[in-house]
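Number of protein chains: 2
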Amino acid sequence: MPELMIPLDSSLTKPLYEQIYDYIRMNIADGKISHGEKLPSTRFLSAHLQVSRSTVAVAYDQLLSEGYIESAPCRGYYASDISGLYLGEEAASAALPPPIPAERYRIVFSPDENEFSCFPYAAWRKISRDILSQDDASLLTAGETAGEWELREAICRYLYRARGVSCRPGQIVIGAGNEYLLLLLAQVLGPGKRVAMENPTYLKAYRTLSNMGYRMLTFPAGKNGIEAEQLQQTDAEIVYTMPSHQFPMGTVMPLKQRLKLLQWAAAKTGRYIIEDDHDSEFRYKGKPIPSLQGSDTHGTVIYIGTFSKSISPAIRVSYMVLPKPQIAAYQKSCGFYASTVPKEQQRVLAAFLNDGYFERYLNKMRRIYKAKHDSFLALLKKEAWVKHIYGDYAGVHLLVELGAAMDAREVVRQAKKQGIRIYALEEYLAPGAKANRPDVGKTLLLGYGALQEAQMKEGIACIRRIVTGTA
Amino acid sequence: MPELMIPLDSSLTKPLYEQIYDYIRMNIADGKISHGEKLPSTRFLSAHLQVSRSTVAVAYDQLLSEGYIESAPCRGYYASDISGLYLGEEAASAALPPPIPAERYRIVFSPDENEFSCFPYAAWRKISRDILSQDDASLLTAGETAGEWELREAICRYLYRARGVSCRPGQIVIGAGNEYLLLLLAQVLGPGKRVAMENPTYLKAYRTLSNMGYRMLTFPAGKNGIEAEQLQQTDAEIVYTMPSHQFPMGTVMPLKQRLKLLQWAAAKTGRYIIEDDHDSEFRYKGKPIPSLQGSDTHGTVIYIGTFSKSISPAIRVSYMVLPKPQIAAYQKSCGFYASTVPKEQQRVLAAFLNDGYFERYLNKMRRIYKAKHDSFLALLKKEAWVKHIYGDYAGVHLLVELGAAMDAREVVRQAKKQGIRIYALEEYLAPGAKANRPDVGKTLLLGYGALQEAQMKEGIACIRRIVTGTA
Chain X
1 MPELMIPLDS
11 SLTKPLYEQI
21 YDYIRMNIAD
31 GKISHGEKLP
41 STRFLSAHLQ
51 VSRSTVAVAY
61 DQLLSEGYIE
71 SAPCRGYYAS
81 DISGLYLGEE
91 AASAALPPPI
101 PAERYRIVFS
111 PDENEFSCFP
121 YAAWRKISRD
131 ILSQDDASLL
141 TAGETAGEWE
151 LREAICRYLY
161 RARGVSCRPG
171 QIVIGAGNEY
181 LLLLLAQVLG
191 PGKRVAMENP
201 TYLKAYRTLS
211 NMGYRMLTFP
221 AGKNGIEAEQ
231 LQQTDAEIVY
241 TMPSHQFPMG
251 TVMPLKQRLK
261 LLQWAAAKTG
271 RYIIEDDHDS
281 EFRYKGKPIP
291 SLQGSDTHGT
301 VIYIGTFSKS
311 ISPAIRVSYM
321 VLPKPQIAAY
331 QKSCGFYAST
341 VPKEQQRVLA
351 AFLNDGYFER
361 YLNKMRRIYK
371 AKHDSFLALL
381 KKEAWVKHIY
391 GDYAGVHLLV
401 ELGAAMDARE
411 VVRQAKKQGI
421 RIYALEEYLA
431 PGAKANRPDV
441 GKTLLLGYGA
451 LQEAQMKEGI
461 ACIRRIVTGT
471 A
Chain Z
1 MPELMIPLDS
11 SLTKPLYEQI
21 YDYIRMNIAD
31 GKISHGEKLP
41 STRFLSAHLQ
51 VSRSTVAVAY
61 DQLLSEGYIE
71 SAPCRGYYAS
81 DISGLYLGEE
91 AASAALPPPI
101 PAERYRIVFS
111 PDENEFSCFP
121 YAAWRKISRD
131 ILSQDDASLL
141 TAGETAGEWE
151 LREAICRYLY
161 RARGVSCRPG
171 QIVIGAGNEY
181 LLLLLAQVLG
191 PGKRVAMENP
201 TYLKAYRTLS
211 NMGYRMLTFP
221 AGKNGIEAEQ
231 LQQTDAEIVY
241 TMPSHQFPMG
251 TVMPLKQRLK
261 LLQWAAAKTG
271 RYIIEDDHDS
281 EFRYKGKPIP
291 SLQGSDTHGT
301 VIYIGTFSKS
311 ISPAIRVSYM
321 VLPKPQIAAY
331 QKSCGFYAST
341 VPKEQQRVLA
351 AFLNDGYFER
361 YLNKMRRIYK
371 AKHDSFLALL
381 KKEAWVKHIY
391 GDYAGVHLLV
401 ELGAAMDARE
411 VVRQAKKQGI
421 RIYALEEYLA
431 PGAKANRPDV
441 GKTLLLGYGA
451 LQEAQMKEGI
461 ACIRRIVTGT
471 A
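These protein sequences, in sequence, are chains X and Z.
Just so it is clear: in the first sequence, position 433 is 433 by our numbering, and no numbers are missing.
Just so it is clear: in the second sequence, position 289 is 289 by our numbering, and no numbers are missing.
Here chain X stands alone, though its shape is the one from the complex:
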């Protein structure tokens, strides 16, 4: 029988029974009390420790209920065999492991990774500290379901100024990421809709809407994005499009085509346009392209934007602007969902916007990404294996059509072996759908947002060696 010299301290806030429970539990977990070892009776231990017998009994009950000890009728308590029970730390064969760290590749030409070196960390921290140090209770009380009003106001102002989006804060819903907002939107619009998307496309949106039971119709992404004439020939009710900068094709929808799209939507009740305006902040040439939403007079456009590109995917804040006629449907089907973004985070972001940090940071990043874009484009233009470059002058990736006979997927595969991750445009094709453009299979997608010039050069040299067979 173990000695159980339990150091009890009645001045602690931790109750005595819990001190006993903790001591025994730890000793069993550590193997100091081993499997099958008999524990002292409650009577003996209570006398030994000078505590009431019920205190010991409560501790034993808890140990029993958690499986640390077992009782044998008329014989007392024994330490259990816990070797099979606790599977925390040693979970080597864990089921949902952390993703393979990016360091597996020396260089990643990701279209999703941002450059963070110029982020105003000091300002962000200062705002966070200020918000944290504000009155206690308001940090913990439940926030507003559609998002904190101050953040919705700040986003409303920003969207009007920067994107020509015309809305009131009351039309804005804040959510933890675009996909979450699409999950809500599908509940607002109702089940079983038919959705048209360009292809290749932003696959997470495709998968989300498909998961929600929507029937997906894809259209080969043309020079200008999806056309109303194409939609007319289908029974599509909803079109998901990125008119300001289609991902991944980088196309911009011309004004005339936009107006036709709006007319298509207005022509029949129940038609909607989901405008995904994911990275329109980063445009390096020409006039800014105002949102489709700003031209919508029939309440058919649902505008979705995000801070994932403009700040970081880690902060998990996106927003959706609902047309006024959809507000009631939102309230009815989704009004009960609490906001998915912590209140504290929303307040920090609102201050970041209201104090001008966000737009200053955007302006800085636009210059930085433009410089990266210019370097990368210049480097690629010198390469003999490059047949055609498109998707330039916006966003943080380029599309590069190979002149060689080699398939893009094969180049991706060989580059991986050399520790360099590049992407094939085909990776962005909707499942089951084939792009009817033969060049898709020959096209690489190369993101440069997080890369320095030396990395661009090294990556390009690697691709050159692969496509020219000198690897």
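Among the hints, a few may not be true.
Any copy, or any two copies together, can satisfy a pair, since identical chains are not distinguished.
Claimed, not checked - In silico DSBU-like pairs for lysine-lysine, Cα to Cα no more than 35 Å straight-line:
| id | residue 1 | residue 2 |
| --- | --- | --- |
| 1 | 193 | 268 |
| 2 | 417 | 324 |
| 3 | 204 | 324 |
| 4 | 204 | 193 |
| 5 | 332 | 260 |
Since the hints were derived computationally from the structure, they do not count as laboratory data.
Assemble chain Z onto chain X, guided by the hints.
Using the frame of chain X, we list chain Z on its own:
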């Protein structure tokens, strides 16, 4: 023509064109340049300000694209009528306004509101500051899709210790709230399932699953929660239950019934039990009740827990423990979703758990809520109009059956008029479903978690006056 003495400063990081743009925009927004007023030509303004003509042109282009100015061919630029455009601040008739503040009621007997006065704000702030001050980039890079590994490990340890949940961190998915996790789970389990729930119940779960197209079957909540025998008589595939503390009935499912439920699930492929363990931390009598998940040997239990009750709904963190056989389905249908909880928040919470603050706080709150429970119960027991009290010794609300002939809803209505919010048990009935217990309509639900004794007394006195007709 306005003077446009624009104070340009080329030492600023803000480019000159933007300084011009900002100045004109502000002056138009403020009404200093009024509707229809002609603006100087780009040639004139560039000479006047000693900047290149293209700098002015870029500023004008932006103002044009955003609708602040208009151009008339061969005549120049004019300030637009923006009165109808910007609808931010003055949005009096806003569509999704902030919720009616709780102060409308003097006293709210809410089952969802927590007591925050003992929260270790100082520790939370210190951890937050520490996390914030850690290396810059890791704060902004994308996190792990199922949640930060360190938080999943911490939750795994906590669940094993406190709830007897047997799992590995790799089975845990972190999400922004229970409803979000249910949205994911419905995608994992697939469309069109039939779900059994007790009634009355946690309506947000009912609505979420119903929104996902699931067919909902409800069973009058009996003395012990849903029974396997009831399920046998239906085609239910999934049962959503709260065996440790049913909301709102406060019942605990007996061990034998739990085992039968597990047998029901194991008897046929595709049957699952969703165990919602929302507030089992707060139990004031008897042995802790281990989770159903801990007894599941067939991988049929999906365990869902939350920090909304134990810390606060404002932090928006829940977790779901998937049975191992469902991991692959999760990866396939939901693996692409980025986590909805900001990385920073997850790291703060992990440290809060790992440093022992969470369990100490829980212990403290258990004592505080127990004291509130005891006072409230004692106060209610003195009341002649109280026929029966149930749901006691756990959670932060009680159910009170009225002895009077008056319906609970009528008492709620009259109390509202006096600034006191109490709840009728009927408010928690699933839509369309009728509870077959006659006492449901006579029962009040009274939450006490956020109330002080004086408020309890005042509220009880108000109810007494209403039910005895002395109001």
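Earlier hints that do not hold, by number = Checked against the structure, no hint fails, so every one of them is satisfied.
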